[in-house]
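The primary structure of each chain is shown beneath.
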Amino acid sequence: DSGVTQTPKHLITATGQRVTLRCSPRSGDLSVYWYQQSLDQGLQFLIQYYNGEERAKGNILERFSAQQFPDLHSELNLSSLELGDSALYFCASSVEGSMWTDTQYFGPGTRLTVL
Amino acid sequence: AQKITQTQPGMFVQEKEAVTLDCTYDTSDPSYGLFWYKQPSSGEMIFLIYQGSYDQQNATEGRYSLNFQKARKSANLVISASQLGDSAMYFCAMREATGTASKLTFGTGTRLQVTL
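Residue numbers (my numbering), protein chains in the order written: chain X, 1 to 115; chain D, 1 to 116.
Take these hints with a grain of salt, some might be off.
Unchecked claim - Restraint ranges, calculated between C-beta atoms of paired labels, are given here:
{"hint": "1", "chain 1": "D", "residue 1": "G43", "chain 2": "X", "residue 2": "R63", "range": "16 to 26 Å"}
{"hint": "2", "chain 1": "D", "residue 1": "Q113", "chain 2": "X", "residue 2": "L30", "range": "14 to 24 Å"}
{"hint": "3", "chain 1": "X", "residue 1": "G3", "chain 2": "D", "residue 2": "Y54", "range": "25 to 35 Å"}
{"hint": "4", "chain 1": "X", "residue 1": "G84", "chain 2": "D", "residue 2": "G62", "range": "16 to 26 Å"}
{"hint": "5", "chain 1": "X", "residue 1": "G84", "chain 2": "D", "residue 2": "G43", "range": "32 to 42 Å"}
Claimed, not checked - Per the computed footprint, the stretches of chain X lying under chain D, defined by three or more beta-carbons under 8 Å from a beta-carbon of chain D, are:
{"hint": "6", "region": "13–26"}
{"hint": "7", "region": "34–46"}
{"hint": "8", "region": "106–113"}
Hint data in this document are derived by calculation from the structure and do not stem from the laboratory. These numbers come from a predicted model, not from an experiment. Heads up, the beta-carbon is just placed ideally off N, CA and C, and yes, glycines get one too.
Looking at chain D on its own, in the form it has when it is part of the complex (with noise of 0.2 Å):
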């Protein structure tokens, strides 16, 4: 079974709107990290933004938020005034505390294309 998944394979979003992208994850451990990495068509993987399974808050880095819903197995990434320079792949990616403990498992990604 897919331990992260991402359903969107592309979205479109305007300029100055906000976009938001989905990410159900599968784990029976109850310490894990989710985390959300950017990858431009230059191809380097930019970190974004981590939320932790017992943070109460949802995360927050300046436009980028986290919609952390720990009961549905979801953090969607919230993306405000989308910009011509988010568009770009983005990753939803799981490490768990258990296990191979160390490595990330990523979905498959989103493709957001921002327009004018």
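Next up, chain X with everything else stripped away, as it sits in the complex (with noise of 0.2 Å):
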């Protein structure tokens, strides 16, 4: 157990549909990444947060964003859904965030299905 939690486990919705990932980072951790894993992509960094702002940004589409909270936990928001949509979502978090020798720990991941 990485210690980071993520919910739901599993989330099936339609297409145009908008739905909301939840993230709680490690005891610690300031930082919160959000990764996306899918077949034909593979794992894509999408965003990450540091201690309620924005440090970076990756592959995210403008339909999606983010948020992090003044209890560290995140949200990455989905909306407009696509087929295209359906991955395994992973947050991540690391303790400071901006070293190259900043673990990052991976939560359980959320599966998004999108019919």
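Both chains are sitting in their own frames, so use the hints and assemble them into the complex.
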């Protein structure tokens, strides 16, 4: 158990809908990251937050947004869902977030299926 | 160009044998970290081992060791005394100090199957 929690574990929804994925980082970690894992794209970095502020953006679609709250938990919002958004979404956390030595610990993931 | 290359889509190893999973990387940054993660069929990503670019010694964590050859830009994972529970996907990842410093860049993974 990495100490990172994600809910829900599975999510099935329809095209055009909006969903929210939730993540709680390990105790003491200030940085949260979101990744998407799909068969065709592999593991892709989406976005990072550090202590409530956006720090880095990756291949995140405009239909997707995220935030980190004062208690450091984070939410990833996916809207106008398309079939291609079906993937495993991971949240990861790390202590600090800017050093190359900083290890990221992953949550169990949320498997999103868009029908 | 691929930053992380894992050329072995699948590997087989017999129980109790050692196995090496290959990883090469590409960066011009002198400061970087290399990570290996394990993803069992249940889906979670489990951190295994870390090697920093300035580390003089190869990293070891229990049965896992990292064969770090900086000049060749390779960071191969060695699993000793394989167990059935080692059957999983293994991902090599890199984190650089510059650019989008925060993200991990992953390879495509190697699926390891441990047999009796």
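Hints versus structure:
{"no.": "1", "hint": "D/G43 x X/R63: 16 to 26 Å", "in the structure": "24 Å, holds"}
{"no.": "2", "hint": "D/Q113 x X/L30: 14 to 24 Å", "in the structure": "38 Å, violated"}
{"no.": "3", "hint": "X/G3 x D/Y54: 25 to 35 Å", "in the structure": "28 Å, holds"}
{"no.": "4", "hint": "X/G84 x D/G62: 16 to 26 Å", "in the structure": "39 Å, violated"}
{"no.": "5", "hint": "X/G84 x D/G43: 32 to 42 Å", "in the structure": "19 Å, violated"}
{"no.": "6", "hint": "13–26", "in the structure": "violated (count 0)"}
{"no.": "7", "hint": "34–46", "in the structure": "holds (count 4)"}
{"no.": "8", "hint": "106–113", "in the structure": "holds (count 5)"}
Hint check: violations occur at hints 2, 4, 5 and 6; the rest are consistent with the structure.
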